[in-house]
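The listed protein sequences correspond, in order, to chains A and B.
The opening residue of the first sequence carries number 13 in the numbering used here; numbering runs sequentially from there.
The opening residue of the second sequence carries number -12 in the numbering used here; numbering runs sequentially from there.
I should point out that these hints are in silico values taken from the structure, not numbers from a laboratory.
Computed from a predicted structure; not experimentally measured.
Careful: at least some of the hints might be erroneous.
To be verified - Below are the BS3-like pairs computed for lysine-lysine, each with C-alpha atoms no more than 27 Å apart in a straight line:
(1) B:Lys489 to A:Lys344
(2) B:Lys471 to B:Lys186
(3) B:Lys159 to B:Lys119
(4) B:Lys410 to B:Lys312
(5) A:Lys374 to B:Lys117
(6) B:Lys312 to A:Lys330
(7) B:Lys438 to A:Lys330
(8) B:Lys356 to A:Lys374
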Amino acid sequence: MTEDIIFDYWWACLRNSCFRPMTTLLENAGSSRRIFEMNKSDLIKFEGINSKTADIIIKSRDGYKPEKEYEKFQKSGIRFIPHYSGDYPKRLKNIKGHPFALFVKGKLPQDSVPSAALIGARNCSQYGRSVAADFGRDLAKAGVSVISGMAYGIDGISQMSCLDAKGKSYGVLGCGIDICYPPGNRILYERLEREGGLISEYPPKTPPKSNLFPVRNRIISALSDIVVVIEARSKSGTGITVDMALDQGKDIAIVPGRITDPLSEGCINFWKQGAFPVASADDILDILIPDHIKTDDPLSPEKEKSPVSDRPDIGLSKTEAIIYSHIDLDPKNIEEICIESSLEISELIEALMGLLMKGLIKELGKDTYVKN
Amino acid sequence: MFNYVLSAGISGIESYLVRVEADVSEGMPVFELVGYLGVEVREAKERVRTAIKNSGFFFPVKHVTLNLAPGDIRKSKTGYDLAMAIAILITTGQVDDKLVKDTVFIGELTLNGEIKGVEGILPIVLNAKKEKIKRCIVARDNLAEAAIVEEIDIIAPNNLKELASYLNDEIKLSPERVTDILPSDNSSPADFKYVSGQKVIRRGIEVAVSGMHNVLMVGPPGSGKSMIAKCIPTIMPLLSKNESLEVTKIYSVAGKLPGKGGIITERPFISPHHTITDIGMIGGGARIKPGAVSYADRGVLFLDELPEFSRASLEVLRQPLEDGKVTIERNQGSYIYPAEFMLVAAMNPCPCGAYPDRNKCNCSLPAIKRYLSRLSRPLLDRIDICLNVNPLKIEDLFPDKIPTNESSSDIRERVEKTRFIQKKRFGEGGVLFNSKMTAENIKSYCSLGEKEESFLKKSLKKMDISARSCHKILKIARTVADMKEEEKISIASLTEAMHLNKNFEI
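The task is simple: from the sequences and hints, build the whole structure.
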């Protein structure tokens, strides 16, 4: 076994250069070790291998010492999990075309722990942000792992809020595991490595390329028991994940948005195709853990919302309370608030600043406010 | 035979007298011109000789030497032609010299002896008056501009021949005068009464103008940023006579006076295109000219699409924003142009312009960050107030439904009152506006009560505000307090200042 793994490592690093013919080759040849030892004329005999592909294989063996290379790799702190390993997630193994091997930093999702994929638009709205954060937090508290792609927007926000609630989250990357993509999510990347896990089927140092991401989406859906879509445009990468999840027979849930928003189009389309709507983390938990304790159950020990946001009228001046009632999750400009509340500008500004300082509202850009 | 007449040169927007000395003596017939002359001044030789001949006089067949004193300042432009010709005519006895000693001659000559106008007449005439000169001879083209100045005679003959007859007392030319100063351009269509809605912006702009705080407006395309900017000069206090002259001087030097001369009575509104170069912005060039910042003197410099401006053209704004003037150093000397303007900048919140409305904007966060990072920090540090301009609702566009908006002149009255309070506080020779307060001024004029101070400290900590922004907040708060005629800055004024100062952030 130890012997074989070093050849499998070589194979895992190589096979993505010509994915399809090489997968067939492995099936026919039996093991990566045999391929390593074959010469060109033998290789060409196999189905789908032309002389170009054979050359790639032969070139990669040039001066390659499998034992030494594998030793060097092990020092990098990345784990190599081939498909026959006991650590390889069962959920993943069950799908057709599962990855030959995984590169992992941190942990792998445990087979016994329920998991949900929270996915959606990168350029999401404030509504999407807040739903993603709520779901991430509530799922984490219920002990559900959150699987996603570490992208900007919904993906990253839900994973971050899951980690913040001391939950487990796993990021599936579309590039080498040692590359933080997108670079702006470095903090999340580092936290996932420490507090959750990072998973990729691509060898280290693989640069992020657009064709790699749709393929990795099948891993996201495979690792999850349910796929939850929060905001998606009509054409999006989220759609690919949903298609993959359907192929794999997973449950698809969507968070409904307003029908007029472009960011709702994707969700509504999935709904029409058979996905079911969810309005809270509880709806998801109903499916994952049928006998779970509802978070809004007064007996729930998990009930722990910040006291201020629950009862915002406490400690607010009269004008602040009026203004607060005019602000919601949909960004509102100060001009609109001014017209709606018909307060004097100086009063209005004072109230807004007061609410800002109390952390009840948030400013987007400038002079545009949403509920926090 | 030696004689001299007076002319004038220009450095920056100030003028100095130049003595054009002529000597005609026996010897080889040559025409020498000396006095650190630019190419166009040296070429005057042929113009002067031919113009004298074609005006019916003779050019001496002798050794003629002309010197333009002082000899260590570089002379440029063609305004010395007339003085040169008169100097030669006097020296050769063809023209009487009794009027000449207290007269300044400015004008370019054509080959047939006509007198043509030159740039920068206003500063020349103003300086002549200061030097106690009695009269200026200018071209008819320059008459309207020169005649603004009082207590000095402006004579504008048509050609050299007429001028010679006048000096010889053969004909009378009466001094010209423009009695009613016509505004050069008084048809400005901008007025705040045409700005619908936007109550918050109107308030922000009023604070900004009252204390001369620089403003950045952020908003989607079509929200009215440019229109609001155009209205800003209309709520500034009207130009005084002296200020008008100062502004007109700059335009005069650059030959940019609208129409044929006349005085500028409206505050300038300069809106350079974002492709402007650093030289175009600040002035300079091979033949030194004032830049956009000087044209905006005592008015508004409006930079639309701020992130599109080149870094170089924005970096040069630092000196004028700090000192209110531009100094251009050359080996021929340094040139100073005034540039006391209010900076008004406008930009979109993101590349597409619709952020944070995610129904329209699909810009990624990194793309928005990249767009905003095009602005240099040092420039943003000099902008006190940031305003968000929201697009108008359709229903606001129909005028019968909206209440009548306050007009510019009403707002201006309040601004003038606030400006007066500032003037009284800082006294003669002090800074002019709250925005220009030094650290020392802030200490003495923006002191806070105990309650206010603890409020400010708490807010600074909570909102993570830097020390520099804290100073800016105090300056704005002083202006807001002045508008309410508060002696001490109140918490409400501080709050409003903090709100106005907050920058656009994602």
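Checklist entry - Hint numbers the structure violates, sorted upward? => result 5, 6
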